[in-house]
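Undergrad: Chain B: place on chain A using the hints.
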Amino acid sequence: MTTAPRTMDSTRLVEGYETMYRIRCFESAVSDAYRAQMIHGFVHSSAGGEASAVGVCLALGPDDYLTSTHRGHGHCIARGMRTDRMAAELYGRVDGYCGGRGGSMHVADPSVGLLGANGIVGSGIGIAVGAGLVAQLRLRGVAVAFFGDGATTTGYFHESVNLAAVWGLPVLFVCENNGYVEFTPWSEVSRIERAADLAAGYGIEGIFADGTDLEAVYTTAVGLVDRLRSGEGPFLLELSTVRIGGHYEGDAQPYRSDDVFARDPILRLRASLVERGIVGVEELVLVEYRIHAEIEAAFAFASASPYPDPSEVGAHV
Amino acid sequence: MSEWRYRDALREALAIEMREDDTVFLAGTDIAGGGVMAVTKGLMEEFGRDRVRDAPIGEMALLAMAVGAAMAGYRPVVELMFMDFIGVAFDPLLNQAAKLRYMTAGAVEMPLVVRTQTGIGRSGGAQHSQSLEAVLAHIPGLHVVMPSNADDAACLLRGAIRSTHPVVMVENRHLYGRRFERPATFPKPELPGRAAVRRRGTDVTIVAWGRVVLDCLDVADRLQGEGIDAEVIDLRSIAPLDVETILTSVAVTHRLLVVSESVLTFGASAEVVRVVATEAWDALSAAPVTLGGLATPIPYSPALEAAWGPTPEGIEAAVRNLTRAIEVVHG
Numbered sequence: 001m002t003t004a005p006r007t008m009d010s011t012r013l014v015e016g017y018e019t020m021y022r023i024r025c026f027e028s029a030v031s032d033a034y035r036a037q038m039i040h041g042f043v044h045s046s047a048g049g050e051a052s053a054v055g056v057c058l059a060l061g062p063d064d065y066l067t068s069t070h071r072g073h074g075h076c077i078a079r080g081m082r083t084d085r086m087a088a089e090l091y092g093r094v095d096g097y098c099g100g101r102g103g104s105m106h107v108a109d110p111s112v113g114l115l116g117a118n119g120i121v122g123s124g125i126g127i128a129v130g131a132g133l134v135a136q137l138r139l140r141g142v143a144v145a146f147f148g149d150g151a152t153t154t155g156y157f158h159e160s161v162n163l164a165a166v167w168g169l170p171v172l173f174v175c176e177n178n179g180y181v182e183f184t185p186w187s188e189v190s191r192i193e194r195a196a197d198l199a200a201g202y203g204i205e206g207i208f209a210d211g212t213d214l215e216a217v218y219t220t221a222v223g224l225v226d227r228l229r230s231g232e233g234p235f236l237l238e239l240s241t242v243r244i245g246g247h248y249e250g251d252a253q254p255y256r257s258d259d260v261f262a263r264d265p266i267l268r269l270r271a272s273l274v275e276r277g278i279v280g281v282e283e284l285v286l287v288e289y290r291i292h293a294e295i296e297a298a299f300a301f302a303s304a305s306p307y308p309d310p311s312e313v314g315a316h317v
Numbered sequence: 001m002s003e004w005r006y007r008d009a010l011r012e013a014l015a016i017e018m019r020e021d022d023t024v025f026l027a028g029t030d031i032a033g034g035g036v037m038a039v040t041k042g043l044m045e046e047f048g049r050d051r052v053r054d055a056p057i058g059e060m061a062l063l064a065m066a067v068g069a070a071m072a073g074y075r076p077v078v079e080l081m082f083m084d085f086i087g088v089a090f091d092p093l094l095n096q097a098a099k100l101r102y103m104t105a106g107a108v109e110m111p112l113v114v115r116t117q118t119g120i121g122r123s124g125g126a127q128h129s130q131s132l133e134a135v136l137a138h139i140p141g142l143h144v145v146m147p148s149n150a151d152d153a154a155c156l157l158r159g160a161i162r163s164t165h166p167v168v169m170v171e172n173r174h175l176y177g178r179r180f181e182r183p184a185t186f187p188k189p190e191l192p193g194r195a196a197v198r199r200r201g202t203d204v205t206i207v208a209w210g211r212v213v214l215d216c217l218d219v220a221d222r223l224q225g226e227g228i229d230a231e232v233i234d235l236r237s238i239a240p241l242d243v244e245t246i247l248t249s250v251a252v253t254h255r256l257l258v259v260s261e262s263v264l265t266f267g268a269s270a271e272v273v274r275v276v277a278t279e280a281w282d283a284l285s286a287a288p289v290t291l292g293g294l295a296t297p298i299p300y301s302p303a304l305e306a307a308w309g310p311t312p313e314g315i316e317a318a319v320r321n322l323t324r325a326i327e328v329v330h331g
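Chains as they are written, first to last, in my numbering: chain A, 1 to 317; chain B, 1 to 331.
Certain hints may be false.
[Claimed, not checked] Per label pair, the in silico range of CB-to-CB distance: (1) E15/A x F266/B: 15 to 23 Å; (2) Y248/A x G125/B: 40 to 48 Å; (3) E313/B x Y248/A: 24 to 32 Å.
[Unchecked claim] Part of the chain B face toward chain A, derived, beta carbon under 7 Å: (4) P56; (5) G58; (6) M65; (7) V67; (8) G68; (9) A72; (10) F85; (11) G87; (12) D91; (13) Q96; (14) R101; (15) A137; (16) P140; (17) L223; (18) G225; (19) G227.
If you are wondering where the hints come from, they were derived from the structure by calculation, not from laboratory data. Heads up, the beta-carbon is just placed ideally off N, CA and C, and yes, glycines get one too.
Bound conformation, chain B alone:
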């Protein structure tokens, strides 16, 4: 069985798309030398500095530049080193990339990709750990994807580059070096919008995205031995949201647990629960449960950070609580 790392999948996907389309180019701080996460390593050597462009620190201009290049017919892929940095680059996403297709009635396309990364559990502190997908998904016109494994990293990145919509791809820093089974053929491009059922089950639906999907799968495997059969949906795409896959699952399991590494209040979890509550109220036999981060900045100290977000133990307990009613019924 051959393996590859999440980082390899991203790098190879970039290289494939750059070979196939001369208008694809990369820009970001320190990316020509490989970038802080070493995703773009070697690409400057193959494609040259015109297409693997180092940029000064100044994310506002970097992203606005990408908007202009996309409007002029190119396909920029810009690297925003940490997701937290969208604060200084928000206008190009909020008011430009997300809206210009609409405001021009489709006269321009917006084929730009922002690659960025996040992740708790590395003491990144309050300004280098946030998972802000809900902030972006709240803006109509932006697409947001969060791959939980190497295959998805490759196919979602290829799809993001080919999309005519602006796509923000949120990678996870703990996954870059992680090894996954490598498929026999390279993953094909996939546009944002489709979730994947990672594990079939009938007792409870766990919806998750990003790295925490892997925790949910581990928990589901552990509980299988106890007769709890959990279905795990990897959202992959936060916006557009694959409502159909979620509703289909809840119609079978009647129970919903949503897990993420982001702040729960006003978050994407709340949106998943809203959709299920409004579209499938009658299917629910228990109140939905959400697990995520506290409504506080993310603390630095490992001791505090561990108390901030979801843990495998917390996920397991939530699944047990949600399915307790089943055990009673089954007697």
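Isolated chain A (complex conformation):
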């Protein structure tokens, strides 16, 4: 059984910063590529959710499963998926994780336990319950379902959390509450203030943490994952995050006035690392340069990758 350390040492913090920065750069490049019409279809940026994705994923081991959402790029990168193959998938090319069949909302890499982003809100919650059951039967691993606040009002959420609860499955339900359900404030679709409070309806524990604080996310997730590994659970973890972009690329957001950068998890971590003397600005700048180069190369790789052969349209049905 893999057990992650309870707290983050300086190496892990810098590693976490690097992955968060990688996600942000990726999303920024996605936004540019979308405007340049290199990416097709519907794209939802995970910018602002980096601490949540990275903090939870750092708490996991190689045998664990995850399900993600339509806003899933960050979860994939945090789980270790390569940015070049992700970019190629978004470009609809053969070198993409799904050979161009999936696109932004359907990136998946089962080889690292990531059972997919998903275009149907709430569906990944149910899929994670099945993965959690397999983990329980194999006596190995846990499952994490990432979903947004908007998914808590679906039937999927209700039925799946209850099923996992009555079966006592090792599933961590992670509600990333960014405050907006597409274009609508969360407060207009639910009379619950804290999504974590919903846990009481299923007789399980609900926990809230600041999803823009990497260390808070990590230490909370590690504690819960450890308890899942020892047979407790499931748990509902609400992480308050911020959606830095719109609902999708191209959303002009006339409905918003909040200051997203006040809660930017990357600015927050960067300032904290430097202020506490954990790492020097120079070192962070080097990390950032390296990531910029990686992302640039990733999108060049995607551009150079060929489109799938149209004769393959019927394969893998």
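TA: Here is chain B on its own, set in the frame of chain A:
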């Protein structure tokens, strides 16, 4: 001659596959005690509650759970008590199970089975009688099988469990207790996709599936005495559709009758006729005929329900009409 019931065939097939593969497990409402159709009776005692799992009512999560378990390498067999309930569990079938192999370019397999049942003639009413195979077969990626007898129940269920595709098995409630001749050796697993010619004939091809196949065979036997030689094809698998067996038969008989217990409009019958019309137009010497349910909800009252779907008398009349041209030619 030893006999077995359709229900026995299903139960024994489940037990065999569970003994051979530890990753096969069952889940559904009330199945640990045997289920409402008593198919899983005794399996919890042999395999334990880990592998014969009672689930709360909530078919959406049940099926999504099965999708996740299949992606993680297990082989779930979930019981959907009535086929009508796919309405509340449709997303896991429509958007998840059917599409994830494709969307991941084959990186995941989807070895999940949904066992469900249907059947008119028991006053199940509009929400407990529907044969919705066409709704499922319309979705690329889903396989749909409908066994008409105990042997097929066993081999198709074993095959469905071993398949790497999602398979919905539609059983018929009138068949569970029905006795069939038991074969000397247990039926081997068979993947979806093959029809069976139940009765050879040269005058007309009757394509049917599910329980109504038995009616078609009775009618064919009766008409044999009158010199009408009907071929009966039991489709067994709605998706994939065994086009070759249908076309081979129509090439000989030149006449097609399609019979099902499902609504005719936009249904699987229409698909069979489409395939024959586009692939074997020149072979047809008469317009194809389809018999099935009316485009109405299925009524409760026995008097109304009997007027809703196909009857043996209706099948017989249709065969006579279709073959009348032959009689004229034969003089």
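Undergrad: Going through the earlier hints one by one, which of them does the structure break, listed in rising order?
TA: Hints 1, 3, 10, 11, 15, 17, 18, 19 contradicted; others consistent.
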